[in-house]
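Working from the sequences, and respecting the hints, build out all of it.
The listed protein sequences correspond, in order, to chains W, D and G. No gaps in the numbering here: position 47 of the first sequence is 47 in our numbering, and each next residue is one more. No gaps in the numbering here: position 12 of the second sequence is 12 in our numbering, and each next residue is one more. No gaps in the numbering here: position 124 of the third sequence is 124 in our numbering, and each next residue is one more.
None of these hints come from the bench; they were simulated from the model. Do not take every clue at face value.
Which stretches of chain W does chain D cover? Using the computed rule of at least three CB atoms under 8 Å from a CB of chain D, they are [claimed, not checked]:
{"id": "1", "region": "48 to 54"}
{"id": "2", "region": "75 to 89"}
{"id": "3", "region": "95 to 105"}
{"id": "4", "region": "137 to 145"}
Virtual Cβ for every residue (Gly too), placed ideally from N, Cα, C.
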Amino acid sequence: MREVTVPPDLYARIQQFHATQMHALDGGEFDAYAATFTEDGEFRHTPGRAPARTRAGIAEELRAFHRERFADDPVQRRHWFNMLRVEPRSDGEIHATFYVLVVATRPGVRQPEIAPSCVVHDVLVDDPEDGLLLRSRWVEHDWQPEPVGAVSGTAGSGVSR
Amino acid sequence: MREVTVPPDLYARIQQFHATQMHALDGGEFDAYAATFTEDGEFRHTPGRAPARTRAGIAEELRAFHRERFADDPVQRRHWFNMLRVEPRSDGEIHATFYVLVVATRPGVRQPEIAPSCVVHDVLVDDPEDGLLLRSRWVEHDWQPEPVGAVSGTAGSGVSR
Amino acid sequence: MREVTVPPDLYARIQQFHATQMHALDGGEFDAYAATFTEDGEFRHTPGRAPARTRAGIAEELRAFHRERFADDPVQRRHWFNMLRVEPRSDGEIHATFYVLVVATRPGVRQPEIAPSCVVHDVLVDDPEDGLLLRSRWVEHDWQPEPVGAVSGTAGSGVSR
Numbered sequence: 001m002r003e004v005t006v007p008p009d010l011y012a013r014i015q016q017f018h019a020t021q022m023h024a025l026d027g028g029e030f031d032a033y034a035a036t037f038t039e040d041g042e043f044r045h046t047p048g049r050a051p052a053r054t055r056a057g058i059a060e061e062l063r064a065f066h067r068e069r070f071a072d073d074p075v076q077r078r079h080w081f082n083m084l085r086v087e088p089r090s091d092g093e094i095h096a097t098f099y100v101l102v103v104a105t106r107p108g109v110r111q112p113e114i115a116p117s118c119v120v121h122d123v124l125v126d127d128p129e130d131g132l133l134l135r136s137r138w139v140e141h142d143w144q145p146e147p148v149g150a151v152s153g154t155a156g157s158g159v160s161r
Numbered sequence: 001m002r003e004v005t006v007p008p009d010l011y012a013r014i015q016q017f018h019a020t021q022m023h024a025l026d027g028g029e030f031d032a033y034a035a036t037f038t039e040d041g042e043f044r045h046t047p048g049r050a051p052a053r054t055r056a057g058i059a060e061e062l063r064a065f066h067r068e069r070f071a072d073d074p075v076q077r078r079h080w081f082n083m084l085r086v087e088p089r090s091d092g093e094i095h096a097t098f099y100v101l102v103v104a105t106r107p108g109v110r111q112p113e114i115a116p117s118c119v120v121h122d123v124l125v126d127d128p129e130d131g132l133l134l135r136s137r138w139v140e141h142d143w144q145p146e147p148v149g150a151v152s153g154t155a156g157s158g159v160s161r
Numbered sequence: 001m002r003e004v005t006v007p008p009d010l011y012a013r014i015q016q017f018h019a020t021q022m023h024a025l026d027g028g029e030f031d032a033y034a035a036t037f038t039e040d041g042e043f044r045h046t047p048g049r050a051p052a053r054t055r056a057g058i059a060e061e062l063r064a065f066h067r068e069r070f071a072d073d074p075v076q077r078r079h080w081f082n083m084l085r086v087e088p089r090s091d092g093e094i095h096a097t098f099y100v101l102v103v104a105t106r107p108g109v110r111q112p113e114i115a116p117s118c119v120v121h122d123v124l125v126d127d128p129e130d131g132l133l134l135r136s137r138w139v140e141h142d143w144q145p146e147p148v149g150a151v152s153g154t155a156g157s158g159v160s161r
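Structure follows, in structure tokens:
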């Protein structure tokens, strides 16, 4: 297999971008997280939920999601990313695919819950002003495979992957 | 301790190489995985199993292993690598040592199994044509320590490590 | 959010530094671990334990800690770092914040224990002679939140974070 090359500077930049972004999310800074998207960015994080769009829409979706799921739960969540594959495209988009685990700790309980396992597909742009920004992020959950075509908007084939 | 330096470009290249390679393996593309080895590459992934050799031999070993272990098991496995230490040698070989966990998810079950914990020893070459290729990979399993000398071919000392 | 940039070379250097350092620690080489600190380095790894200071003090603290906790326990521990955010300061200090999980395997037991989840704050310097060295490391444990001010030496506010 011929090596899929990537500018090494870009690789480290994306790792740092992801770390900064997820420290913000795990710290409950939903507006800071939303600000890592382009103005018209799109975020699909959970199967069955509609995609969130625009920075304001993404921040609102995060607030709603956390109210529903973690309102009375003093959980500290940590998003772990790994096995990052970066693919710059000729049109300037940067596609990145990686694995994710969510580590959730409750006060007084040493053993965290580590679930679910996901695969994330990022589309990034390198903005002259702001640097890296997310145009879109799509999270696939390994335990809830989605039908093919569910994302692209084309008709699903009915075949699970 | 004096810092063990490594060309930063090489570090990111190996991370990208590992990600591309393991996305292929976790997607069931055994021939693509085998193609990340040199023609005469060697792969030892499980204590007690003979090493696989050559690209064809490695792909065949993976097919056999997955038939035996996962034939009727709709598991999605994800290999996580971490704590990568890279050491370029004067003869052109690149030695890389890192930690591994295997994350295994079944459809409908949110909680993955995360086991076993391993240490992997890669020997890479930087081919002028194909870029990075694996000359050999040896996987040590933390729960099944192997006797010293089991790998190098020299007589074991009887001392477990 | 404007991208928080970092020299990509530095990012890979710190990843390699962390890997080399933690391979030493997980291999029981406490003096080698201590040697990754500056002569007057400080290490706070567990809430409720006094910080260790100087290389000799850090190595001694590690020996004491391992005697107390793991004397008769044939455990293989592996420290996993992730989501590294690097921030070079104008005074030459390099601040790094990242997530940690500890993976602990016992012989004959395939399933490791993975706990606790931590956040680590490193302060590094780039020594002309030795390269990267730790001036200080502070480990926060997610399940045991510390009162604000516990570290900086200022009076705690009584508010948990």
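Outcome of the hint check:
1. By the rule of at least three residues with a Cβ nearer than 8 Å to a Cβ of chain D, the coverage given for the region 48 to 54 of chain W is violated, with 0 such residues.
2. Counting residues of the region 75 to 89 of chain W whose CB lies closer than 8 Å to any CB of chain D gives 5, which reaches the minimum of 3, so the coverage claim holds.
3. Counting residues of the region 95 to 105 of chain W whose beta carbon lies closer than 8 Å to any beta carbon of chain D gives 4, which meets the minimum of three for the stated coverage.
4. Beta-carbon proximity to chain D at under 8 Å applies to 4 residues in the region 137 to 145 of chain W; the threshold of 3 is reached and the given coverage holds.
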